[in-house]
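Using the sequences and the accompanying hints, generate a full structural model.
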Amino acid sequence: MDALRGLTDPSLEALRSAFKGLESTFVEIWQAQDDPDYGGPRWYELYRGSPLDETFVCIDFCNNVLHVRRVGREILTLTFFPGWFYDVITNCFTIRGDPSTVYVGDLAAAVPRQFQLFVKRSIPEAQQTFATSIAGRETLVSYTRLPFGYEYEPARAFAVEPMTAAARGFSAWMPTTEAATAQRVHWSALRLRLAAAPGVELDERRLVDEEALADARRVYVPHPEFRASCSQALQLEIERSQNIHALPGLGAPFRDAPLAEADLVAGREMSREGCALALEQVRPDGVDIIVTRPAEASSTAPWLVEAVLELFRSAAVWLEELLGGLPREAPLAVRIRLDVSSPEDRFAYRIQYLDSSRNAHAEPTTDTDPLEPVVRLSVKRTAGVHVFVDQALAEHREAIANRTIEYHEEVLAFEDVPVVLDDSNDVSRRADLPIRPATVGEVLTIAYQLGEFIPLAPVEAFYDMRDLASVGTYLLYGEDIAGEEMTAVDAALTVGGFILPEVGERAVKGLVRGVRRLRTIGDDPFSRLVAAGEAVEPHDAGFLDALGERAVE
Amino acid sequence: MNPRVPSSTRFDPVDDLLLRDRNARMVVGQFVLDRPGMPTVRRVPEQLISRGGDGLDARMLQEAYAAERAADPRLTPERFLLRVDPDSTLGRAITALLGPETARLLRTTDRAEFESALRSHYREFRRIPPPYDSGTTYGSHRYLTGDHVPLRGTRLRVLPMNAPTISSTGAIQYPTWDVARTRGNRSVAAVQASRVWGREVPLDQEGRELFETLGVDDSLETFDNYLDPELRQTRVQTAFTLSTGYTPIYRSEVDFPGRLPDDKRFKGLRYSPQRNAQQARWLLAARLQRSDILDPDADLTAIWNSLPTRGRSTTPTATVPNDAFTQLSTDQLFEVALRLPDARQIRLNTFEWEHHRSQRFVRRMTTIIDSLGLGEPWRSRLTMLTGLCEPGNLYFVPPWQHAMEDVYAGGVARRGSGAARVGQFRPEAFSINRARADRFGNVLIDPDFARHPDAARVQDALVAYEPREILELLAELNDPVIQRAVAGLRGRDGARWLGLARQLNRAANTYGLPQFLRLAEQIP
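Going down the list, the protein sequences come from chains F and P.
Residue numbers for the first sequence follow my numbering, so the first one is 1 and each next one is one higher.
Residue numbers for the second sequence follow my numbering, so the first one is 1 and each next one is one higher.
Heads up, some of the hints might be wrong.
[Unchecked claim] Here are a few chain P residues that face chain F, going by a calculated C-beta distance under 10 Å:
{"id": "1", "residue": "D54"}
{"id": "2", "residue": "Q62"}
{"id": "3", "residue": "P73"}
{"id": "4", "residue": "N509"}
{"id": "5", "residue": "G512"}
Calculated directly from the structure, the hints in this document are not laboratory data.
Cβ atoms here follow ideal geometry from the backbone N, Cα and C, with glycine treated the same way.
Listed below in structure tokens is the structure:
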């Protein structure tokens with residue numbers, strides 16, 4: 001790349017005009033490059049300003065740029081430039097030269113992006129009052145929480161050691177002479193998590209058009225002697241939390257998304273034998289509620305195994321266009337979903353348990369009628385929030401759903417949706433739960449999710465292995481083991497599946513250390529599972545056989 | 001494009017491995033697979049509290065908390081967790097979330113109860129990972145509410161890092177970093193020991209007693225540590241760490257006369273005669289199977305003289321990598337243990353505790369507290385509020401990783417250039433931006449760079465703090481005792497205080513904390 005080429009080369013017209021719009025931003029970024037306030041401290045980044053300032057710039061070691069501008073407590077604009085794009089602009093329009101010698105593995109996907117968070121409506125629970133002692137006197141301090149926040153993590157290096165003979169053959173691009181000794185180093189992409197309370201508008205703007213990007217890609221020449229690779233497509237997560245307390249501060253270090261495992265555990269704690277069970281899982285875009293009727297068997301394990309088996313089976317059957325049915329006790333997945341980018345949506349919900357005379361209780365009851373609904377779900381929501389049951393293949397799902405759940409809802413304006421539903425503001429209007437047909441992928445996902453609730457060691461081991469593998473590949477390449485793109489939320493959920501979410505960060509760190517020591521061991525996890533299965537009840541062995549068959553295929 | 005890279009080949013060795021070879025699997029965190037029917041999870045109360053520090057993540061808990069809080073603004077999430085009746089549904093849910101032992105640790109203010117909960121907690125850690133690298137937590141909210149466990153007189157040697165220390169006057173104080181580090185190391189060793197020996201390890205023993213309980217031998221077999229695969233310790237090393245609280249060795253070399261001063265092998269290694277003497281004693285006790293060597297008042301010379309092999313012992317042929325002590329003969333070990341002038345010098349570096357950015361802020365705070373001439377309880381309160389010894393902030397890492405996590409700490413921590421440390425361990429990682437790495441090596445670690453007029457502004461640990469923590473810190477600094485002391489500050493001390501005041505005010509501004517909490521930005 002020739003310095004200042006962009007100013008004169010006629011073939012770069014599109015890039016030149018795109019740069020005009022970006023120039024003021026780049027001037028601030030170059031200030032950070034030329035005269036940083038501070039370097040480090042995490043991964044050799046350069047900083048100008050602090051996230052608590054109005055303008056903040058971070059250039060990470062792979063030259064990925066995060067540029068943040070905040071206007072008061074109302075507007076937050078975050079701009080991301082991938083390292084290669086920064087290199088192109090910097091080298092085409094200035095005489096600075098600090099190109100990184102790194103192989104960008106995802107050049108096509110790594111594009112500049114800009115997000116704006118804008119407070120459109122404020123919510124009442126943002127107001128906080130705390131008692132603290134000042135000069136020995138107890139004083140009440142009130143403040144209003146920022147309704148948005150973000151966390152980021154600059155690129156960081158992973159070293160993968162080639163260990164065994166088996167592992168040595170796998171890399172096509174590494175010369176064999178080096179493969180025996182050299183370390184593989186891969187830098188992760190910059191991670192950014194935007195979090196907003198209800199009422200905050202979240203926009204993504206198109207920053208650079210395709211033509212200009214094509215120009216830039218044409219000009220970009222990777223350094224011929226790269227020794228490390230990296231990903232540069234922004235790893236973005238967006239959270240729209242109904243709970244404003246769950247928002248991070250500004251520019252906080254990355255933490256795993258707080259997960260609803262707490263809700264699951266709490267729900268499971270409430271479940272008792274012979275009672276209906278409603279497990280909730282809060283997600284950044286809503287909440288999942290899994291409702292099951294009381295099982296007839298004494299233990300919860302068999303019906304869950306059955307249900308999962310059934311779902312696996314019926315998925316296979318469905319694929320062959322033979323419809324299968326579900327047992328009545330099969331869990332129903334109710335989903336409450338909102339558009340994470342919309343400032344207009346919020347909801348509140350409440351779950352109650354019904355006894356045989358349709359009286360609602362906060363706690364599960366054993367006195368249920370097998371033909372009547374066992375759970376009452378009340379929702380107050382704005383119009384943009386969707387509540388529906390995933391139709392997992394069964395013919396009469398609709399009937400089952402409405403026989404299991406008594407659904408109440410009220411659609412209100414944003415200001416009228418309460419923070420919490422309780423007896424004082426309950427919903428009396430009954431409604432039908434809409435059913436949405438599930439796709440094959442969703443069906444498998446549901447089956448998969450339900451499987452994770454099975455408290456059987458071999459099944460858990462299966463999930464754990466898959467989880468660990470996924471987290472490992474995610475950390476390196478942002479994808480799960482199937483090569484599907486995986487967001488950090490997925491990864492966090494995956495980590496959360498076996499390790500507590502808030503310690504996820506630590507767990508991930510532990511895994512990072514582990515990933516440095518990738519090893520292959522020549523045993524077959526599936527045969528292990530089948531062997532483990534033989535030790536458990538014959539009832540569950542079928543499930544494990546099925547797994548074994550899958551493995552043989 | 002480099003010709004070595006076929007454009008269609010994705011860079012994904014792990015995918016390749018897993019998809020191409022069904023027999024392949026990754027072994028990361030083997031403990032997960034080794035747990036027949038055991039729960040995988042133990043939380044600590046801090047992990048139920050949301051990121052802003054003023055709410056709870058789980059809907060069930062948050063709703064109950066918000067309802068109670070409407071009536072009582074003094075209620076904090078920690079207090080709420082403590083106050084819930086353990087037998088109610090909510091209480092049972094909290095117990096299920098935390099695990100029975102952590103729930104007991106949270107709720108109790110009774111010493112015996114606390115100790116027994118801690119013991120059974122460590123019994124559990126044989127199978128499940130502790131919530132934090134350094135074990136569990138004491139609960140810093142106790143410092144704010146005063147619900148302390150009277151730990152005075154406890155025999156426990158393994159305690160949470162942030163458990164209080166008792167001053168000579170009986171005052172309860174937040175621990176200093178040295179105390180906390182020792183506790184963290186002991187906890188790591190206690191968990192490791194219980195896994196290596198496959199039994200419950202006494203948390204209240206040390207020295208000879210511990211040696212005898214565990215039946216330590218001098219076998220060279222090393223064991224993978226649950227925290228870091230690079231930490232491989234023998235039994236005697238594990239017991240030594242558990243007993244003394246010294247940080248485990250990362251690398252060590254036997255120094256020899258006439259070596260070149262710039263010998264690369266010795267770069268970054270330090271020599272501590274005191275530690276070496278201790279460690280030599282432990283190895284001697286294991287090698288000779290004589291626990292009396294570990295008595296503090298043991299007559300080592302007499303023991304040495306009584307040995308038939310004295311003066312004729314040979315250096316071992318088999319050694320433990322990274323542990324230079326195992327290269328020494330028995331006679332040489334006695335010399336080290338007795339700290340004789342011509343004893344072999346073993347230089348070593350250790351694993352390290354990485355702070356999540358708070359340590360530098362704490363250092364600034366303590367400098368300011370010192371310049372104010374205020375001792376306890378101000379030091380204790382302010383270091384607590386800045387989270388110096390909070391297990392959630394601390395990670396046990398090898399030195400190269402520490403340098404990569406926190407180049408600044410790596411460079412400033414009196415061990416030469418951070419860039420050099422990083423380069424020494426992982427040059428490939430940094431070959432991609434050589435110019436930047438050079439600049440870091442030469443400029444950013446340079447003390448002059450730290451005096452850049454804006455360095456303090458950006459070197460802003462406060463971004464990692466939650467609004468509520470900033471609020472507490474400001475409330476504390478507004479105390480008239482501190483304000484009176486500030487009025488006397490001049491020169492550099494004054495400038496340092498004003499820098500802190502400005503930084504805190506800015507955070508208060510950003511988070512919308514009320515005006516009356518702001519600190520004066522001028523010294524009267």
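Results of checking the hints against the structure:
About 6 Å separates the beta-carbon of P:D54 from the nearest beta-carbon of chain F, less than 10 Å, and the hint is met. Contact between P:Q62 and chain F, as hinted, is supported at the beta carbon level, the nearest pair being about 6 Å apart and thus within 10 Å. Interface restraint check: P:P73 against chain F, minimum CB-CB distance 5 Å, threshold 10 Å, status holds. Taking 10 Å as the C-beta contact cut-off toward chain F, the hint placing P:N509 at the interface holds, the least distance being around 8 Å.
Evaluation of the P:G512 hint against chain F yields a held restraint, the C-beta minimum of about 5 Å falling below 10 Å.
Of the numbered hints stated above, none is contradicted by the structure.
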